[in-house]
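Whole structure, please, built from the sequences with the hints as guidance.
Protein chains in written order, with the numbering used here: chain A, 1 to 172; chain B, 1001 to 1563.
Wrong hints could be hidden among the right ones.
To be verified - Ranges between beta-carbon positions, derived for each pair:
| # | chain 1 | residue 1 | chain 2 | residue 2 | range |
| --- | --- | --- | --- | --- | --- |
| 1 | A | 70 | B | 1077 | 48 to 54 Å |
| 2 | A | 28 | B | 1477 | 52 to 58 Å |
| 3 | B | 1391 | A | 145 | 53 to 59 Å |
| 4 | B | 1261 | A | 55 | 45 to 51 Å |
| 5 | B | 1258 | A | 8 | 57 to 63 Å |
| 6 | B | 1099 | A | 22 | 34 to 40 Å |
| 7 | A | 56 | B | 1222 | 52 to 58 Å |
Don't read these hints as lab results, they were simulated from the structure. These numbers come from a predicted model, not from an experiment. From the three backbone atoms N, C-alpha and C, an ideal C-beta is built for every residue, glycine too.
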Amino acid sequence: MAKLIKNRDIVEDSWKVLTLAANDTPDTVKLPVGPIMVPLSVWRARKAELIRREWEHHDLLGVWLGPEDDPADIASDLDDLSVVGIHFPTAGDGRGYSIATLLRTRLGYRGELRAVGGIGRDHLHYLHRVGFDAFAVNQPELAIASLDDFSEAYQAAANQPLPLFRRRTLTA
Amino acid sequence: MYRYNEIDRRLVKERVTQFRDQTRRHLAGELSEDEFRPLRLQNGLYVERHAPMIRLAIPYGVLSSDQMRALAGVTRKFDRGSGHFSTRQNLQLNWVSLEQAPEILAELAEADLHAIQTSGSCIRNITTDPFAGVSPQEVSDPRPWAEILRQWSAFHPEFAYLPRKFKVAFSGGPDDAANVRIHDLGIQLARDGEDQLGFRVWVGGGLGRTPILAKVLREFLPWQHLLSYAEAILRTYNLHGRRDNKYKARIKILVQALGVEEFARQVEAEWSHLKDGPATLTEAEAARVSAHFEAPEYENLPKYDTGFEFAKRHDREFSSWVARNVHEHRVSGYAAVTLSLKAPGQAPGDATAEQMGIAADLAERFGFAEIRTGVTQNLILPDVKKKDLPELWRQVRVAGLATPNIGLLTDIVSCPGGDYCSLANAKSIPLAKAIQDRFSDPERVSAIGDLKLNISGCVNACGHHHVGHIGILGVDKQGEEYFQIILGGAWGMEAALGKVIGPSLVAEEVPQVIDRIVANFEICRRPHERFIDTLNRIGPESFRDAAYGSGSPSKRAKVVSNG
Chain A
1 MAKLIKNRDI VEDSWKVLTL AANDTPDTVK LPVGPIMVPL SVWRARKAEL IRREWEHHDL
61 LGVWLGPEDD PADIASDLDD LSVVGIHFPT AGDGRGYSIA TLLRTRLGYR GELRAVGGIG
121 RDHLHYLHRV GFDAFAVNQP ELAIASLDDF SEAYQAAANQ PLPLFRRRTL TA
Chain B
1001 MYRYNEIDRR LVKERVTQFR DQTRRHLAGE LSEDEFRPLR LQNGLYVERH APMIRLAIPY
1061 GVLSSDQMRA LAGVTRKFDR GSGHFSTRQN LQLNWVSLEQ APEILAELAE ADLHAIQTSG
1121 SCIRNITTDP FAGVSPQEVS DPRPWAEILR QWSAFHPEFA YLPRKFKVAF SGGPDDAANV
1181 RIHDLGIQLA RDGEDQLGFR VWVGGGLGRT PILAKVLREF LPWQHLLSYA EAILRTYNLH
1241 GRRDNKYKAR IKILVQALGV EEFARQVEAE WSHLKDGPAT LTEAEAARVS AHFEAPEYEN
1301 LPKYDTGFEF AKRHDREFSS WVARNVHEHR VSGYAAVTLS LKAPGQAPGD ATAEQMGIAA
1361 DLAERFGFAE IRTGVTQNLI LPDVKKKDLP ELWRQVRVAG LATPNIGLLT DIVSCPGGDY
1421 CSLANAKSIP LAKAIQDRFS DPERVSAIGD LKLNISGCVN ACGHHHVGHI GILGVDKQGE
1481 EYFQIILGGA WGMEAALGKV IGPSLVAEEV PQVIDRIVAN FEICRRPHER FIDTLNRIGP
1541 ESFRDAAYGS GSPSKRAKVV SNG
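What follows is the structure, encoded as structure tokens:
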């Protein structure tokens, strides 16, 4: 089973990330057994079925967003989700950092926020700062150290609601 | 100037450690070139024609003498003993090795210098007017605000992977020596009707393939909201800027596609969530940072210094240097002095390690140990006593930094071009030298007066050719180097984009064509009129005829479109 960095720990990843193949449609794609993260389109098409599945089989439920997805679309669903994933098609597509920021600081999401896709250890520090607490990366044992590449930050972010200049005033 | 505290210093060192490990993993084959590229770019490292190039930041163009010596030191130790001061207040070293790059950054960190975010799709080094704090025209000193935004943008976790690069410039007031209108975000200090300090915010400027001048996004933003408003702009751009085509990914394309009114509406909507939140600047923070830029201990000096006035009247060479290279200062008895990096035969903006060291020494002896760099690729000593000017001039002359040509035709702004840059179509430096040779008569150049001549080796426009009064752009035609001639660009608040006037030329033809264009100006100008004003008054036709009229200068020339 793949491993995952979660809450600064390395854990087994039991989740399946559902993606639509070319001939799949959100209405008909087969849902695998066990905890699954579905794309927003599947969540929209089969919300009732997914919630019933979780209730009846205790299969945990998550939704993943792509860079084009608006997190406001799941604002009222966040209480139903155990995980929200954000997919980075490439490391250079930085929209996921803003989507994470909005989920944490504006929509009040407190559950697991997982980064998946084209990210690696060199992105962990910034991902962590914008609110991710779970990271699907290669070699998590080596990567985990990069969470702490920097010991301080100037700006406020999801993991630190006050900018440095406001914290300076507090300690002065 | 801003002095690093323990946290500022620690962050720069942690960055060096991070990059050292990334470089090690890349060299060990653990990080592919594709994975490593964005990481090295955000540390200023390009892979160029002959060797990697590293672009070092000079935040808003301010250096201490010790920092200048540290820069000179790394050019000696890791390069060939010289560096290129760029138009965006960076220093570029063209002959470094990838293996040594972390060592360069470690050495610079000891002097509180770095290369953080000097390249890549992130918020770049923030620039401002090199006369900030000493200019008599400015509304207020832009440096504290540039420093506050520098800290905010450094390692900003949300905006490190933008659609494309993002350049910010601050201008202290209406004269705009920072060229805010060619920046992604231009911030101009202003006061509202109640004399409250704030900013006029410009957005969506940029040169490159699609040159566009920035538009006003907000007429007045009170200073407290600088960071929250910047966050709203950057978030809107990060989420909605195009990522499908890198040539259409700058914020200028988004602003143009939406229209500035709709873009402003989206920014305001985003800002409504952030306004008055924790990012709102406090009086305490503004005071803390401003204290670093408090005026040094100027002496009480008379406005006129008799020794200086005497020297000006009796030494023509000195007086011509004063006329071009010495600038008004807001404090009585002081002046700002430009050290020209545009001596005949010198690559524009290049300085040797020795010259850097001399500039550092002079800044200590004739000032408060501070040096500025500016968009024209020269060095500036901001606080020289007028009575010291004759002695300073003698010293500067020995160092080859006294060419009296600031703002003149031979004060050419140029990118490094095809001699170094792997993007360039054409070699800009030899052309700059050839033009300087053509205009080797200082009397004539001085009589021509203010004329901005800008050369870019390719459409990326690092030499800002669109906004030169005369712009020259290197283009590639079937593997051959050609140059387009562009007229009518302008800087600052009068900013305008020039237009191509005719067929492109081979390099050898360019100096004589420039000469004919200038000769036409000399015939048509009214007394004391600037080149750009004559051009705007009479239109480009006679200049075009002068350039190309008497027989085509090149049989091979073909009309190529701009861009």
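(message) Can you tell me whether the CB distance of residue 70 of chain A to residue 1077 of chain B sits inside 48 to 54 Å?
(response) Given a distance of about 51 Å, which is inside 48 to 54 Å, the answer is holds.
(request) Look at the Cβ atoms of residue 28 of chain A and residue 1477 of chain B and judge whether their distance stays inside 52 to 58 Å. (result) holds (55 Å)
(message) Range first: 53 to 59 Å. Now tell me if the beta carbons of residue 1391 of chain B and residue 145 of chain A are that far apart.
(response) holds (56 Å)
(request) Return holds or violated for the Cβ distance of residue 56 of chain A and residue 1222 of chain B against the range 52 to 58 Å. (result) holds (56 Å)
(message) Is 34 to 40 Å respected by the C-beta to C-beta distance linking residue 1099 of chain B and residue 22 of chain A?
(response) Check failed, 45 Å falls outside 34 to 40 Å.
(request) Hint says 57 to 63 Å; check whether the CB-CB distance for residue 1258 of chain B and residue 8 of chain A agrees. (result) Between residue 1258 of chain B and residue 8 of chain A, where Cβ atoms are some 41 Å apart, the hint is violated.
(message) I want to verify a distance hint. Is the separation of the beta carbons of residue 1261 of chain B and residue 55 of chain A within 45 to 51 Å?
(response) Holds: the Cβ-Cβ distance is about 49 Å, inside 45 to 51 Å.
Comparing the model with each numbered hint stated earlier shows that hints 5, 6 do not hold.
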